[in-house]
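Number of protein chains: 2
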Amino acid sequence: MIEYCVATYRCYDDKADFEKKATGIAVGLTVGSWTDLPEARKTEMEKHLGRVVSIEIHEPSGDSVDKRYADIAIAYPDVNFSRDIPALLVTVFGKLSMDGQIKLIDLKFSSSFLSAFPGPKFGMQGVRDLLGVHNRPLLMSIFKSVIGHDLAGLREQFYLQAAGGVDLIKDDEILFENPLTPIEQRVSVCLEAAHQASERTGQKLLYAANLTGSTARLAEQARKAISAGANALLFNVLAYGYDALHELATDPEVSVPIMAHPAMAGALYPAPNHGIGASVLLGKLMRLAGADIVLFPSPYGSVVMPKADNMAIQHALLTNKSEDYLFSFNSSNDAALSLAPSFPVPSAGIHPGLVPLILRDFGTDVIVNAGGGIHGHAMGTIAGGQAFRQAIDATTQGISLQDYALSHPELKAAIEQWGVKQ
Amino acid sequence: MIEYCVATYRCYDDKADFEKKATGIAVGLTVGSWTDLPEARKTEMEKHLGRVVSIEIHEPSGDSVDKRYADIAIAYPDVNFSRDIPALLVTVFGKLSMDGQIKLIDLKFSSSFLSAFPGPKFGMQGVRDLLGVHNRPLLMSIFKSVIGHDLAGLREQFYLQAAGGVDLIKDDEILFENPLTPIEQRVSVCLEAAHQASERTGQKLLYAANLTGSTARLAEQARKAISAGANALLFNVLAYGYDALHELATDPEVSVPIMAHPAMAGALYPAPNHGIGASVLLGKLMRLAGADIVLFPSPYGSVVMPKADNMAIQHALLTNKSEDYLFSFNSSNDAALSLAPSFPVPSAGIHPGLVPLILRDFGTDVIVNAGGGIHGHAMGTIAGGQAFRQAIDATTQGISLQDYALSHPELKAAIEQWGVKQ
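Taken in order, these protein sequences are the chains called A and B.
The letter at position 21 of the first sequence is residue 23 when you use our numbering, and the numbering goes up by one with no holes.
The letter at position 351 of the second sequence is residue 353 when you use our numbering, and the numbering goes up by one with no holes.
Take these hints with a grain of salt, some might be off.
[Unchecked claim] Restraint-style ranges between C-beta atoms, simulated for each label pair:
| id | chain 1 | residue 1 | chain 2 | residue 2 | range |
| --- | --- | --- | --- | --- | --- |
| 1 | B | Thr37 | A | Met381 | 17 to 25 Å |
| 2 | B | Pro254 | A | Leu153 | 32 to 40 Å |
| 3 | B | Arg225 | A | Glu46 | 30 to 38 Å |
[As the list claims (entries may be wrong)] Below are the SDA-like pairs computed for lysine to any residue, each with C-alpha atoms no more than 25 Å apart in a straight line:
| id | chain 1 | residue 1 | chain 2 | residue 2 |
| --- | --- | --- | --- | --- |
| 4 | A | Lys146 | B | Glu48 |
| 5 | B | Lys69 | A | Ser66 |
| 6 | B | Lys69 | A | Pro308 |
| 7 | B | Lys123 | B | Thr366 |
Hint data in this document are derived by calculation from the structure and do not stem from the laboratory.
Built from N, CA and C at the ideal position, the CB exists for glycine as well.
Just chain A, with the same shape it has in the complex (with noise of 0.2 Å):
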């Protein structure tokens, strides 16, 4: 039976014939001529012909600004490609990335592509058994300023966020091996500190130290963090190709979870007719190669995604349902996947008084995480934690944080800092 990965194509044409192009797609990028062949060679090549799935030709309303465009799938034999995500990239989009206004919006695998790729280690459910956390959005805070801080300047950040409350810390996604806070040492610095708070908090916290370096040394880097005690990496995955990162996530001596950093996402997902869509670049992809948490860009707050775009990477992080991964002409894909969720983390610009939004459009399958929101609290770094803490206690109660914060000083400061959003 011949199995195939199918892409998703958003094509911006005026006046294109989409059904050529599409049948072109299908063609050159597989067998590469069709019609010229003799017949005995096509009942040879056929297992390698691309077929067009489907076209949904969008025809402009008239208004100005709304393009002419179509939705073509097309489905690539799985045995034109290794099964790795470089390879699956390069055949749907190497080439075709270049010709045109043309963005690559989905991707769908076949069962024996999705096969090699046993997902994230952990996932949503493993992060949540770490910390003994089940029944509550976590939270994350990230590391103020870290450049030119010394390891005790970088302890004392940590013991205010983690005295706080929160479950996670992760490191600022540009903080390299530097002679002042080389990973051995803040990991080890860090956790001393992670566990002075745990007395006082009673909590578990999990401390993302940031993978870095050279790709050939990235697993030996990441035996180091974790030998110190790391017991998260974080990890620039878009920097370095997916592989790099499966690679990471199938090292069955990496055993703690990889939190996916977004970094240079932007230069891939906004532009409406270049790029990668964000549920395939920060979704499904993330995902596949293994990432147990996901940072993308919020709606809510500074650093902006569109609200639609938030959604339909949670439902790739989360959803358990075949149909959404797998690709097959001929059967239903009933079965559950097989892929453990990935943790969503909405990031940046987030203060307490959004924690509502952010549950009602993410519910109790959420990571919140803030920066300047906990440590730009008008009591300090440990009040801002701990105002957070109270949001989320108040929402998942159904208690507005107006009359929460009546009883709760931190929120009720957080509040007057920063307002609600409703």
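Since the structure of chain A is already known, use the hints to place chain B on it.
Chain B only, in chain A's frame:
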């Protein structure tokens, strides 16, 4: 002395205070905050602080398509990041890529950052030396279709290309490890065909075998291909990240030129207000990472890149002026650049009638690259290669293709088939 790498951005915004935005970037992506710091701390942190180098504001002319933007150059102290391309990119365009309409349009490097990059191992001169061709543009051809072909089919295609007098043959970038033509056997039969053709043409030939598969095994694959006789490698750089190329280029066992394919580049360079400019993406970073030969979409054929972008890539690949790559606040950079030039290859849609245009724009330092323009020749593949060589000979001798065609039937047929573009 503080050394800096400089990133230049084009930021679109109808009403932003660009001075404020520039300062926000310079501070926000380095020390985090500045004005709040105590004076003593400022002294300590100054070496980590980003600097605004320049702001050039373009006010719209009133024409509705002309938008307001500013080109903002920010200097980042190189002590803030490790000496690798992922660290640089994440620093200068990690988070910032997601911050509104912004495109990374240039990069310059500190001398210490640059010193970590030996650049192309062979470069343009090294490739010419391997081929023994110093006084004319080179000719490369691409397999027509390869998927589903067996070794005998590939060998035949290879021979026909080689016999026409091409200097280089590259694998299709979508040819991955597969049971029909695994890399070692492919290299072995193709080089056998090259040898056979060489007896006819008296020429040397480089065959760039496509290096694919998992990131951690790229070097092993490269060694395998090289032991089988591969004398060049093709690599889909953007699917793996620049650092993977850098590692291959600096690996002493990778003793052959590396050809960088632009697969996926269209997801990054074409949008005016997002992504990474072509001269950075396919120019400076490819050369820095060590590509000996760089392919990019030509402005002449089917896959279109604006000519200005082509010329900017060419400049980035060939310039020997330090000032194009090096940044310093203090000294002029009048020494020659230490990086060897990378061979530029404008690709896609090329036929012999375009050779005068290509040579007008690129001079002698170019690889003319064709697929359909060779295989599709009315007199066959061998004649296709010959027609190109004739077009190159005519143009370098200052003879018009039409005149040269009078005594060269292969060129004559090509002109009848595709015309001549002036």
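(request) Would you check the hint for Lys69(B) and Ser66(A), treating anything up to 25 Å between C-alpha atoms as holding? (result) holds, 17 Å
(message) A range of 30 to 38 Å was offered for this pair. Does it hold for the Cβ distance of Arg225(B) and Glu46(A)?
(response) Distance hint for Arg225(B), Glu46(A) holds at roughly 33 Å.
(message) Given the hint of 32 to 40 Å, is the C-beta distance from Pro254(B) to Leu153(A) inside that range or not?
(response) holds, 37 Å
(request) Measure nothing beyond the straight line between the CA atoms of Lys146(A) and Glu48(B); if it is 25 Å or shorter, mark the hint as holding. (result) The hint holds at about 17 Å.
(request) Below or equal to 25 Å on CA atoms is what counts here, so check Lys69(B) against Pro308(A). (result) holds, 22 Å
(message) Run the distance test for Lys123(B) versus Thr366(B): straight-line Cα separation, threshold 25 Å.
(response) holds, 21 Å
(message) Given a hint of 17 to 25 Å, does the C-beta separation of Thr37(B) and Met381(A) actually sit inside it?
(response) holds, 22 Å
Violated hints are absent here; each numbered hint is respected by the structure.
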